[in-house]
Amino acid sequence: MKTLDSVDAASLKTGLPDLRSGDTVKVHVKVVEGNKTRVQIFQGVVIARAGSGIGETFTVRKVSYGVGVERTFPMHTPIIEKIELLTRGDVRRAKLYYLRDLRGKAAKIHERRENVPAPAAATAVAEPAAPVVAEPAADQD
Numbered sequence: 005m006k007t008l009d010s011v012d013a014a015s016l017k018t019g020l021p022d023l024r025s026g027d028t029v030k031v032h033v034k035v036v037e038g039n040k041t042r043v044q045i046f047q048g049v050v051i052a053r054a055g056s057g058i059g060e061t062f063t064v065r066k067v068s069y070g071v072g073v074e075r076t077f078p079m080h081t082p083i084i085e086k087i088e089l090l091t092r093g094d095v096r097r098a099k100l101y102y103l104r105d106l107r108g109k110a111a112k113i114h115e116r117r118e119n120v121p122a123p124a125a126a127t128a129v130a131e132p133a134a135p136v137v138a139e140p141a142a143d144q145d
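Sequential numbering of the sequence shown, starting at 5, is according to my numbering.
A hint or two may mislead.
[What the hints assert, rightly or not] In silico BS3-like cross-links for lysine-lysine, where the CA-CA straight-line distance does not exceed 30 Å:
(1) K40 with K109
(2) K66 with K109
(3) K17 with K6
(4) K30 with K109
(5) K6 with K30
(6) K30 with K112
(7) K34 with K66
(8) K112 with K86
(9) K66 with K6
(10) K66 with K99
(11) K40 with K86
(12) K86 with K66
(13) K30 with K40
(14) K99 with K40
(15) K30 with K17
(16) K109 with K99
(17) K40 with K17
(18) K112 with K99
(19) K86 with K17
(20) K86 with K30
(21) K109 with K86
(22) K66 with K40
(23) K99 with K86
(24) K17 with K99
(25) K109 with K17
(26) K66 with K112
Hint data in this document are derived by calculation from the structure and do not stem from the laboratory.
Please put together the full structure from these sequences, using the hints given.
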């Protein structure tokens, strides 16, 4: 069993974003057409994640020309060039299959607002200025 785990560990990709259901992502997919290879971008909402390890998958849904399109990607496949996380979604479900039945604004996912600490410049204390020493006045006779 240890040999299978070591083979799986060698195939795992590193540097992947932490995807959750409701997140809007851009998936850059390598497409082979004849002898040419190009990158196709699939942008949509993550509606599901499944599996673990080398078999982990995620499903992305988008609406293209009024038609809903869903595509399931293996997380660690070599055909995915990169995954860009655009926005975080504020949802309370792990599987968002109910989006298939919604249209228009009802299918919109609200963006999650993160609690961001105040900028460091605003909380830093200003250093006191150096004291100014007056030079003695020269006598003019």
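Evaluated hints:
1. K40 with K109: Given that 30 Å is the threshold and the Cα spacing comes to 39 Å, the pair is violated.
2. K66 with K109: Given that 30 Å is the threshold and the Cα spacing comes to 14 Å, the pair holds.
3. K17 with K6: 19 Å, holds
4. K30 with K109: 21 Å, holds
5. K6 with K30: 35 Å, violated
6. K30 with K112: The hint holds at about 17 Å.
7. K34 with K66: 19 Å, holds
8. K112 with K86: The hint holds at about 25 Å.
9. K66 with K6: The given pair, whose Cα atoms are some 40 Å apart, is violated under the 30 Å limit.
10. K66 with K99: 15 Å, holds
11. K40 with K86: 19 Å, holds
12. K86 with K66: Cα-Cα ~18 Å, so holds.
13. K30 with K40: Holds, because 22 Å separates the two Cα atoms, which is no more than 30 Å.
14. K99 with K40: Roughly 36 Å between the alpha carbons, so the hint for K99 and K40 is violated.
15. K30 with K17: 17 Å, holds
16. K109 with K99: Holds, because 19 Å separates the two Cα atoms, which is no more than 30 Å.
17. K40 with K17: 24 Å, holds
18. K112 with K99: 15 Å, holds
19. K86 with K17: 10 Å, holds
20. K86 with K30: 8 Å, holds
21. K109 with K86: 29 Å, holds
22. K66 with K40: 26 Å, holds
23. K99 with K86: Measuring from Cα to Cα gives roughly 23 Å; hence the hint holds.
24. K17 with K99: The given pair, whose Cα atoms are some 24 Å apart, holds under the 30 Å limit.
25. K109 with K17: The hint is violated at about 36 Å.
26. K66 with K112: Distance ~11 Å between K66 and K112 Cα, so the pair holds.
Violated hints for the displayed structure, listed by number in ascending order: 1, 5, 9, 14, 25.
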